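Number of protein chains: 2
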Amino acid sequence: MALLFTHATLLPMTAEAGAPRTFTGAVGVEENRIALVTADEAAVEAFRAAHPSLREFDCRGRLVMPGLVNTHCHAAMTLQRSYADDIALMEWLNDYIWPFEGRQTPDDVALGMTLGIAEMLLGGITSFVDMYYCEDRCVEVAEGLGIRALLGCNYFDSNIDAVMPEIGRAVAAAASGSGRVRVAVAPHSPYTVSPDNLVRGREAAARWGLPLMIHLAETVDEARIVEERYGCSPVEHLDRLGMLSPRTIAAHCIHLSDRDIATLVARGVTVSHNPQSNMKISSGVAPIERLRRAGACVTLGTDGPCSNNDLDLWEELRTAVFLQKSATGDPCALPAAEALRMVTVDGARAMGCAEGELGVLREGALADLVVVDLQKPHLQPVHDVVSNLVYCGKASDVETVVVDGRVVVDHGRIVGLDLGQLYREAAAAAARLAGA
Amino acid sequence: MALLFTHATLLPMTAEAGAPRTFTGAVGVEENRIALVTADEAAVEAFRAAHPSLREFDCRGRLVMPGLVNTHCHAAMTLQRSYADDIALMEWLNDYIWPFEGRQTPDDVALGMTLGIAEMLLGGITSFVDMYYCEDRCVEVAEGLGIRALLGCNYFDSNIDAVMPEIGRAVAAAASGSGRVRVAVAPHSPYTVSPDNLVRGREAAARWGLPLMIHLAETVDEARIVEERYGCSPVEHLDRLGMLSPRTIAAHCIHLSDRDIATLVARGVTVSHNPQSNMKISSGVAPIERLRRAGACVTLGTDGPCSNNDLDLWEELRTAVFLQKSATGDPCALPAAEALRMVTVDGARAMGCAEGELGVLREGALADLVVVDLQKPHLQPVHDVVSNLVYCGKASDVETVVVDGRVVVDHGRIVGLDLGQLYREAAAAAARLAGA
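Taken in sequence, the protein lines are chains A and B. Using this note's numbering, you'd call the opening residue of the first sequence number 283 and step up by one each time. Using this note's numbering, you'd call the opening residue of the second sequence number 283 and step up by one each time.
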């Protein structure tokens, strides 16, 4: 069914640089594409006439913008949300996370993924990049809930032989779907995967035509271990192995030399910055201003619900800005408008889309958009709607969400999912997996 | 009317140390006091029988906890929200903030205050500490909306003669009210108010029996200026002038020596930590872990909507935790449970309440409480409800709010205020004041 959003403040995110342009107008959707972006009432009337059965949304007092893109998470870890916080790393892994994960079945992962996708859609995330196990099982979950996804099959040295066939199954499942869900190869990190197994991943990605994703330069320990083993930085190590390209998403990228930054830029790698996770785990502060000035493609991710503990990209957006201003000592660092590009236009690059295909309101682009209700005390008055969105916008301000031309959140309600039932199942699984 | 909240997860915040205790039970309210906190169904039945006309809230799937206390803000600056962001300090003040404030009338301040209080109440803030001008005018605003407030009459050297009578008027207005609104004397800072005028403020506070509040050790420049003028740190300077006592609230407290910390602890000063403002303005990171270990009373504030840009204490709560973990490099720093005390039990001290009088669910305490809807994807499953609240809880999860025994937010709707009309008035005032 065609969709028409009228009388909205439109934030198309199509301007090349400077403050994003806004205007009052309408957006029309046909099939899975944006077919109309206009301030011209006659064009709106013509769209109505051409689509007699369209569904119209009166967006007075509302803003329509591209859906948000979350470029790094482990969404199924919702089942471990708040399971083990404020604990030192090795105790956290040994006594909590690994035993919990050891008990998880593919059905548990699918359940956790369902809860994670529900949270993301309700908060205006229309595309996400995931990295976990049982991603073959999660293809159908993402397909069913209507979100756009890039699912990275995560492996370590210990389980690479089991994961390689999983990638094949995931690719097959995605190929028989809508095209919204794609698969990636996801070696865990330069210090937990051997050079041989990193190359196996790269070769598998090449064979299937898939992107790569990896945790990179996240901790001081990682940099030390890689230096000891290979005599270079984590970035150099991956570069020597041919792992870095425009089809690589590197999460975290905290401990970087100027040379590392130049390498990431030269290879066209997409960086996924995860500020709240980095703060909570005390990993350090990623040099986002240095990366941006060098010309890197920097995007934003929530990381998993164990280390954050939610999947709220609005909070990451302003935390990214706050953290750069704080860490650089420059209150002008990372302006709001630039940060907004990270979760829309630049995020779309991480999803493997050509420029103008996703992350913008433009005729011909994929129809992923959100309606934000501006009639909230924290969003009034409106001197600058972009500042209001970045500094004050909340997941709960998202009213309606469209992915691929389909309404997936309708006035605050997720379509086709019984949340009460989901919470009961999640509670039962969480209790069992915690060994309670 | 008596109130009864049943079948709730109760978070009383009455435990002295360690993880806050929760249990399933009921809270009863009589007049402006909590009259019942129990897990005993017979006690609930007796409360019902004794109050035949009570209003009952079925809180299945909900949590009831003390209302949040925001210990530093400039709430009326909602009218300047997002008016001037990502700009260097002196340009920001000279070209934007001061001309804007120069055009404001007392009615504008009352309007901005109304919008700020609406935002705070909807987000579960039941008490706030404010610092601005025209606070005499704001007494009636706070009274009318039902929030609990400590309104600090802010002065500089340039306007102290005008503000002193304002304090008198504010005290008179508060004295004729409900008792929920109190007044404080608020010299701006050690570097913008002369020693003589600081002492005048201290003497005025003593005369009227009022607390003091002040910005303290917020920037490197402030420390430098005070050192140059008075040969000591801002904390020492205030201490020599007798400004520091258990009735002093000091906002920010970023640039502190060990000796400064010892002085703040010895004098019993309440520190208001404002992490998002400090990050956005690049002021530095307050040494909250050092303050806590030394035994300081540390609370949390949002600061004003110019420097944040909202009045959301849930975000401050987790940003405080994230920032300490990041700045100290210790993922165990400032655990969630301790942070929750800052916005409840410790915040109540800033409001001048005796221990157990506010910020807790305890029979006999003032009836300031919030109902949090846990039936949200980001709050499920519940391994640890305190972690969920601190790391994932949002202003929009607050469903119902009671202040002084009166329902002021009822299932997400603020009582007795036409928000649409308020937004129209705020928009008109904002446009006029911006000189647009």
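Note that these hints are calculated values from the structure, not bench results. Bear in mind that the values here come from a model prediction, so they are computed numbers and not experimental data. It is possible that part of the hints are untrue.
Unchecked claim - Output of the computed footprint for chain B on chain A, the stretches with three or more beta carbons under 8 Å from beta carbons of chain B: (1) 305-316; (2) 515-529; (3) 588-599; (4) 635-647; (5) 674-688; (6) 700-711.
To be verified - Distance windows between CB atoms, simulated: (7) B/Ala-321 - A/Pro-334: 42 to 50 Å; (8) A/Ala-325 - B/Ala-301: 40 to 48 Å; (9) A/Gly-577 - B/Asp-340: 37 to 45 Å.
A virtual CB, placed ideally from N, CA and C, is assigned to each residue, including glycine.
Now for the hints, and whether the structure bears them out:
1. 305-316: Violated, because only 0 residues of the region 305-316 of chain A bring their Cβ atoms closer than 8 Å to Cβ atoms of chain B.
2. 515-529: violated (count 0)
3. 588-599: Three-residue rule met by the region 588-599 of chain A, so holds; n is 6.
4. 635-647: violated (count 0)
5. 674-688: With 4 residues in contact (Cβ-Cβ under 8 Å with chain B), the coverage given for the region 674-688 of chain A holds.
6. 700-711: It holds: at least three residues are needed, and the region 700-711 of chain A offers 7 whose Cβ sits within less than 8 Å of chain B.
7. B/Ala-321 - A/Pro-334: 42 to 50 Å: Given range 42 to 50 Å: violated, Cβ gap about 60 Å.
8. A/Ala-325 - B/Ala-301: 40 to 48 Å: violated, 59 Å
9. A/Gly-577 - B/Asp-340: 37 to 45 Å: violated, 57 Å
Consistency note: the structure conflicts with the earlier hints numbered 1, 2, 4, 7, 8 and 9.
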